[in-house]
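Undergrad: Those protein sequence lines, which keep their order, are chains A and B. Here the UniProt record's numbering is used: position 293 in the first sequence is 293, and no number is missing along the way. Here the UniProt record's numbering is used: position 158 in the second sequence is 158, and no number is missing along the way.
It should be emphasised that the hints constitute simulated quantities derived from the structure, not laboratory data. Each hint should be verified, as a subset may be incorrect.
[Claimed, not checked] Between beta-carbon pairs, the in silico distance windows are:
#	chain 1	residue 1	chain 2	residue 2	range
1	A	THR361	B	LYS116	45 to 53 Å
2	A	THR361	B	GLU52	26 to 34 Å
3	A	LYS428	B	SER58	22 to 30 Å
4	A	GLN424	B	SER58	31 to 39 Å
5	B	ASP343	A	GLU360	48 to 56 Å
6	B	ARG310	A	LEU362	47 to 55 Å
7	B	ASN345	A	GLN424	31 to 39 Å
8	A	GLN424	B	HIS206	42 to 50 Å
9	B	LYS116	A	PRO269	20 to 28 Å
10	A	GLN424	B	GLU339	45 to 53 Å
11	B	ASP59	A	GLU360	57 to 65 Å
12	A	THR361	B	HIS438	19 to 27 Å
13	B	THR132	A	ARG298	45 to 53 Å
Even for Gly, the Cβ is constructed at its ideal location relative to N, Cα and C.
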Amino acid sequence: MADGPVAEVLLRRLEAADGGLDSAELAAELGVEHQAVVGAVKSLQALGEIIQAELRSTKRWELTAEGEEIAREGSHEARVFRSVPSEGLPQSELMRLPSGKVGFSKAMSNKWIRVDKSAADGPRVFRVVDSVEDEVQRRLQTVRGGQAEKLGEKERSELRKRKLLTEVTLKTYWVSKGSAFSTSISKQETELSPEMISSGSWRDRPFKPYNFSAHGVLPDSGHLHPLLKVRTQFRQIFLEMGFTEMPTDNFIESSFWNFDALFQPQQHPARDQHDTFFLQDPAQALQLPMDYVHRVKRTHSQGGYGSLGYKYNWKLDEARKNLLRTHTTSASARALYRLAQKKPFTPAKYFSIDRVFRNETLDATHLAEFHQIEGVVADHGLTLGHLMGVLREFFTKLGITQLRFKPTYNPYTEPSMEVFSYHQGLKKWVEVGNSGLFRPEMLLPMGLPENVSVIAWGLSLERPTMIKYGINNIRELVGHKVNLQMVYDSPLCRLDNEGGPPPTQEAA
Amino acid sequence: MPTVSVKRDLLFRALGRTYTDEEFDELCFEFGLELDEITSEKEIISKEQGNEKAQGASDVVLYKIDVPANRYDLLCLEGLVRGLQVFKERIKTPVYKRVMPNGEIQKLIITEETAKIRPYAVAAVLRNIKFTKDRYDSFIELQEKLHQNICRKRALVAIGTHDLDTLSGPFTYTAKKPSDIKFKPLNKTKEYTACELMNMYKTDNHLKHYLHIIENKPLYPVIYDSNGVVLSMPPIINGNHSKITVNTRNIFIECTGTDFTKAKIVLDTIVTTFSEYCENQFTVEAAEVVFPNGKLHTFPELAYRKELVRADLINKKVGIRETPENLAKLLTRMCLKSEVIGDGNQIEIEIPPTRADIIHACDIIEDAAIAYGYNNIQMTLPKTYTIANQFPLNKLTELLRHDMAAAGFTEALTFALCSQEDIADKLGLDISATKAVHISNPKTAEFQVARTTLLPGLLKTIAANRKMPLPLKLFEISDIVIKDSSRDVGARNYRHLCAVYYNKNPGFEIIHGLLDRVMQLLDVPPGEKKGGYVIRASEGPAFFPGRCAEIFVRGQSIGKLGVLHPDVITKFELTMPCSCVEINIEPFL
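Excised from the complex, chain A in its bound form (with noise of 0.2 Å):
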């Protein structure tokens, strides 16, 4: 309240003043609450350099609610004294009276009274003296009138212990002019308007100044969602790396393709009702491409290109089962497989981001649906080394450098290797990806030519989105359960940049 009748005040006065004024002994003037003058001070000062203000502490002191009573009516022994008249008084009646308790004492040990106990009718209360003189109370009025710094310090300490006096600190502020003084504050300016603009009036405006300590108010917008504005930077880092899509808007998936066709044999316990899903309706597949089909039973079966098979009953009723596709592996089959259909062979590098299913048990990091990403290149004569390379470069744009592998079993691939980062948080290596080149029994049944080599490799978009984001609870990001506040909030994804605020010049 700048523009409050105190602030006038205080800067009226100010400008008559020689030197400045302190706020309290301004309040007491105006005759207002101490308070009123520090709000006033305050508002001031934050309209810059009008005034400038010094807070002082100062030790006072006061008189207690009884003290007060005590300097306007005398103290407890003095009243004792007076209400004594010459012919004297019953102790039981003096002992009725307001201050007769406290003051019989004192004014005893004062020798201003005596107690004549063989009185008729008991003990009876006569003077000693013709007078007293009331020290306590002079003393209190002395305090009252502000001086008392005239007491000394063990009368002032009686005083205190006789709860009449207390020493109170006063903060208060010694204001003076500042370099930008002036009386005429109340006329500032909010904002700008037209009319100033037009008029030119805002040449000779003072404009209040802002709070930037507030905060702004944000934009009414969309947001996009976390996990799919990471799956936006994988595709960005395929599609940069030279990897064509792979159609993936299949949800519902043949046990051939996602299983067989890979050359996990049907025993497997992937396949189990456990872990995946089996559809009741429409509980088969169609339609199967029968020339390949023949070709993977007999690989699983009795072996071929150079393999042994497993050697166990394969059963065409169980490839044609109907399910949630566990992996977009199944896509990738399906891709390869189309390549294989074209001749000559043309080398092909291929990717996907898309949604895969298990029956699983579902915990604070599983869900029974989650994104799988995939990479693949079909090529002549590609090597581990090249799926290492192509890790290495993948994972550089991830922001992530230090990578080792460890060898590893998947029913697909041989040689197999998980990938490993080292994670500074959590200052150990971290599984980050599986991997490895897809078995020739998989691959040659397509009719891929044999010194064809396809390196792939697979993570879940899940894990890196929670660890970017620091999500503990995969409910919180995937799924109706998510906490929109979260999405409202979530920065931007650059996978290769930490995020934060940037690094300050001595950093740099």
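Position chain B against the provided structure of chain A, taking the given hints into account.
TA: Using the frame of chain A, we list chain B on its own:
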């Protein structure tokens, strides 16, 4: 991936040296194992059942090691140690021998009744074995690991091990009516019929999982000795009579199953691993199995086979340049005894009976790469030159979702699986009208069907975010699934765009405006002429009467928009009016 739990100190003693946890972890990593956890029996019990129960349990340090799912030879301490010692060239890979007994060979006769239930059986004898408590425990544990993995929870193969000195051959593997089978099962003092056993084991936490394999069959498999003593009723339980103990010296092993190949692998794995403790190390006594057709087979097979792989093929597939001699040395470290032969470029590799996982040259190449060290391989970039293309549907989706956000709507990401109720009852539809695909084995109602519309997911997202300030404006562009007999699998996806507006007023004009904006973005003009779009009054059970319109583009219906019916709003546990639009975007490709 199976996890094998071994006592650390026992492991180090067998390896002939100690390691720090980090060193051992490193060794595992290099070899393709994973030191998953360092714990103790006490710690495990305390974690699972609380500190009190763990009182007095052993605090011997245990290593839990993840083993690749195809390496049955590494599923116990003995196997792990052998693999690592050969890898580190501290020992040579043992040569396993099948020997004939001095006396009469043990015989197992299979009768034809087994054909319909569990037709295969193989057998072998471990003679003069010397167990200790740890060895015995490991022997039992290996059988359990094999049962859980390659045996597919005993469905494909079941193992029975017996104290041969308590039995007298020849043995008969047959199948009988459950009521005709009666014996004293393992660790029981009285006899039960098979029916009683099956009943009793329904409450046994371990055995109840195997009952279904034979439960409803008319005949149960059973093995007898020549005196009519029951050895086992596979795949459920052994007899108590032939129970092995730490003092057993001669073990008769039988494996029955439905998969002959796997039964042979299981038998080979057990005998190769534990013949180490036989008086004649790494020898296994043969047993004969007579098949119903009269054919005689001798087991264990312990087959060694030779493979030829060209050195340059290994180098070419891995991306290294090693001499054939070096490659042979690398392979030998993986228990694949190899030598250079012929023109000096051929490597002859001996595949031992322990390595059933090697079925193709690519498996041999992987082992060469592991022994070379994956992390020593030079990384190179392939010269494959390709031009990248986006999948057109995904490209359109990407472009649209950015402009949907620019139009002030927030993107949701909802599940493709949901309950029948979500896509039918709650929207006032009958499930048969949805053409939804149905899942046969959902664990909960949340996974009954694949969604046929994106709307329920968005409404559930709003329901979970009712505390957020209004209005809520959400959209999603994703796939729904519909049965379609013209597709090879009988179903197909459609890419849908759905948006909802949720506020104190229905805001139909806002959703309508959004549709106009989407059409503008897709360059489709309003009006029926020149391939434009129109909306026509329509109805639907999900919509408030008179507040629903169908959207036509070039005369083809692509979806609907409107104000949701109060019943729909209530069923999704919402309280405010809501309008929505949902269209198929595939016609715009």
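Undergrad: Next step is simple, just say for each hint if it's right about the structure.
TA: A quick look at each hint next to the structure:
At roughly 35 Å, the beta-carbon separation of THR361 (chain A) and LYS116 (chain B) lies outside the given 45 to 53 Å, and the hint is violated. Taking the beta carbon of each, THR361 (chain A) and GLU52 (chain B) are about 27 Å apart, inside 26 to 34 Å as hinted. A hinted range of 22 to 30 Å holds for the C-beta pair LYS428 (chain A) and SER58 (chain B), which are about 28 Å apart. Against the hinted window of 31 to 39 Å, the Cβ-Cβ separation of GLN424 (chain A) and SER58 (chain B) comes to about 37 Å, which satisfies the hint.
ASP343 (chain B) and GLU360 (chain A) have their C-beta atoms about 51 Å apart, which keeps the hinted 48 to 56 Å range intact. Distance hint check: the CB atoms of ARG310 (chain B) and LEU362 (chain A) are about 49 Å apart, consistent with the given range 47 to 55 Å. Under the hint 31 to 39 Å, the C-beta atoms of ASN345 (chain B) and GLN424 (chain A), about 46 Å apart, miss the expected range. The hinted window of 42 to 50 Å between GLN424 (chain A) and HIS206 (chain B) holds, with their beta carbons roughly 44 Å apart.
Checking the proposed 20 to 28 Å range against LYS116 (chain B) and PRO269 (chain A) shows it holds: the Cβ atoms sit about 25 Å from each other. Separation of GLN424 (chain A) from GLU339 (chain B) is about 47 Å and conforms to the stated range, judged on CB atoms against 45 to 53 Å. Range check, ASP59 (chain B) to GLU360 (chain A): about 33 Å between beta-carbon atoms, so the 57 to 65 Å window is missed. THR361 (chain A) and HIS438 (chain B) have their C-beta atoms about 22 Å apart, which keeps the hinted 19 to 27 Å range intact.
At about 48 Å, the CB distance of THR132 (chain B) to ARG298 (chain A) agrees with the hint of 45 to 53 Å.
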